[in-house]
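Heads up: the sequence lines are chains A and B, in that order. Those letters in the first sequence? Residues 28 to 455, per this note's numbering, in order. Those letters in the second sequence? Residues -9 to 360, per this note's numbering, in order.
Everything labelled a hint here was simulated from the structure, so no lab data went into it. Cβ atoms here follow ideal geometry from the backbone N, Cα and C, with glycine treated the same way.
Here are some of the chain A residues that sit facing chain B, going by a computed Cβ distance under 8 Å: (1) Q69; (2) G172; (3) G202; (4) E325.
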Amino acid sequence: MGQGWNRALGALTLAGAFALAGCGQVGSAAKPNTTYQETLIQQLIDAKAGDVITIPAGVYAIDRGLSLDVDGVTIRGAGMDKTVLTFKGQAAGAEGLLVNASNFTIEDLAIEDAKGDALKVNEGENIIIRRIRTEWTGGPKTTNGAYGIYPVQVRNLLIEESVAIGASDAGIYVGQSNGVVVRRNRAEFNVAGIEIENTQNADVYDNLATNNTGGILVFNMPNLKVPGFATRVFRNRIVANNTKNFGLKGSAVASVPAGTGVIVNSNDQVEIFDNDIGGNNTANVIISSYFSTGYMTEKGVAATFDPWPEAIFIYENRFTPGGAKPDGLELQALRVALFGVTGSLPDVLWDGYIDVKKFKDGKVDPLLAICVDNGAAQMLNADSPNKNKAPAVMGEGARCRLTPLPAISVAAAGPVPAERRIPSPAKP
Amino acid sequence: MKRLVLILVALALTSCSPRGLEPTFIADGAPETLSDWGMIGARGPRLVLAGGVQPYELNTPLFTDYAGKLRTVWMPGGKAATWAADTAFDFPVGTVVTKTFFYRKAADGAVTPADSLSLTETGEGLDLHGIRLVETRVLVRRASGWVAFPYVWNEAQTEARLKRTGAAIPMVLTRSGRTDRFVYQVPNVNQCAGCHATDHAAKALQPIGLKSRHLDREVTLAGARFNQLERLAVVGFLKGLPPAPGRTRGVDWRDGAAPLETRARAWLDINCGHCHSPRGPADTSGLYLDSATPMGPSLGLCKPPVAAGQGTGGFSHGIDPGRPDQSILIFRTGSTDPGAMMPELGRALVHDEGMALLRAWIAAMPPGCR
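All chains, please: the whole structure from these sequences, using the hints.
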């Protein structure tokens, strides 16, 4: 498996294959205001704690990266379809807006066509990102910027009711953070819709992830200061994530097969429950190891890195059919060999990598098991460590339960609301 | 004899100020002109230094689109910085550092590189004939910490005015047979922090070049040859300086006599290490390019990218040993696409000579990552 998952993609042309349907912003119609950026930069420089920087409705052309490093500032637009910062002509800066500050709130605006990442918050605590739209307006392209909404190394983070479209890596990417709520967002036409990486204590719920290559990713990457664990993915709608992988080779998400609903890679203590997951053509859920990404090397990966996904609990999801047309020749061959030409891969696909050093009495430690207790849903062990020699549906062998993780407490989010509110997809 | 030379140098550099230039520590506010600081100024056809203001250069400087740089440091009467082995020196409140960026003028409004000018040629001031001044950045140590101000020179080259929001200056640079049109970026005040907030959690600005390994260098100025650190000590700007054997000295990246690895590491240290360190803003990448990081995955050796996005260039490893053109490090330092280039700020052109050095270093590594 590994990059073999996608090797077959090489021959396919991506450009133009996916015209992006109706994103409904004012962006393209109005002539952008080119003089406002000077005002905005001045406001960002002069900002003091407690300030609210208000950006009125309008389309504003910005030609260099914006940055803010003062704590306690709020940036507020007039709505994600009314206040638009367009970076189409950006000549400098690796982000649209780069923030290094705590107690930061940004809401009700759009960042379009940034050359690199759209909104990056690098280090800080008590961060609220609300009703923000990040979008590359030309549809999914490898040349689009990497991340839409990109907080990294933050504590106490709420991302809600936002929209992320067209990122060539992840639409919403939470990296190396602790105490995270991601809810009621819509992620479409990204390589990864929502990605939680090397992050501890994250709740991801009531989101819509559709038309991405992979809907929701929970990853651990090597050579970073902290490993991620304890993520709950629940009450989301994760459907038809079948956009061809348009990530640039070498990026972590380039290894994700098109048609992936949820994928856990090398992460631990992940709970996937109460979601609607279906129509994802490779598999509704993939559990995998860093070994399967094709990036594992002895010299380049710190010995402390744990590449095995452990303590994964999948239960009470509502699966609708998926796995009918997996991405890549190897997975296609696997499907046909096991389930026939008209068959489908089961709901859960596991690459089969397991750390035998952690076995207890010759068996998997029950506390570290991959548990699928989801009615009739089946898990396929693809036996990747042995080059897929003996793939097998695990049947009752995968049925077990783990102690549920506690809800995450992020003050700005409050408790998980009883009412489920999932955004609607874009109007065609 | 050595002592005598030092005294002479000290006298030469503390001579009286040119007309109207009086070094001043401004404790708050945002002075509108560079002249307000009194460190350097245009006097007729020369850019001159005030008395007591010390010029300096670095063993290996940051690349800024082939601009030449005149750097100065000054401290108010009787105050001195405390030497530190690895970090920026601990400077007293009142310290004012300036860095002036300039080019040589070429025909038709174009410019040519000035980065090869040494302190010998710039340290006593600049003859402005044939020189285009672009900007002067001031870094001042106030009670609250270091504060940065960018000043942009006027066309007449008589004064530089504060431009807190930065500036984008279209330029044409010609050099041996090639011409590049580019937009020179004067950083805005927040962008200054992008490099100078070397401890990203603390967020405090720090000088980058004013470290022992960068300054430990013999220079010739006003006919005298001396060690820069020793001179700073002699003029009273530096205390606690140990004798040379107790100091780690950086190399000049152009010094063909030094080992390739040492030279490449010096280039990475000054161009990348302020962000790519275990405490810097780029610690999110797990890639550390400061001089203290040993060879291994943290330096990029066979390291897969974390969140590089476009920056991978389609490659899988930071440094692919023996294969510079398969290395993300070479791709990103050789890119001018804002979404992929490294450093993210401070250049619009590629440093061809620096790239050649990095390439040679990687090419000489034993190949293979497995």
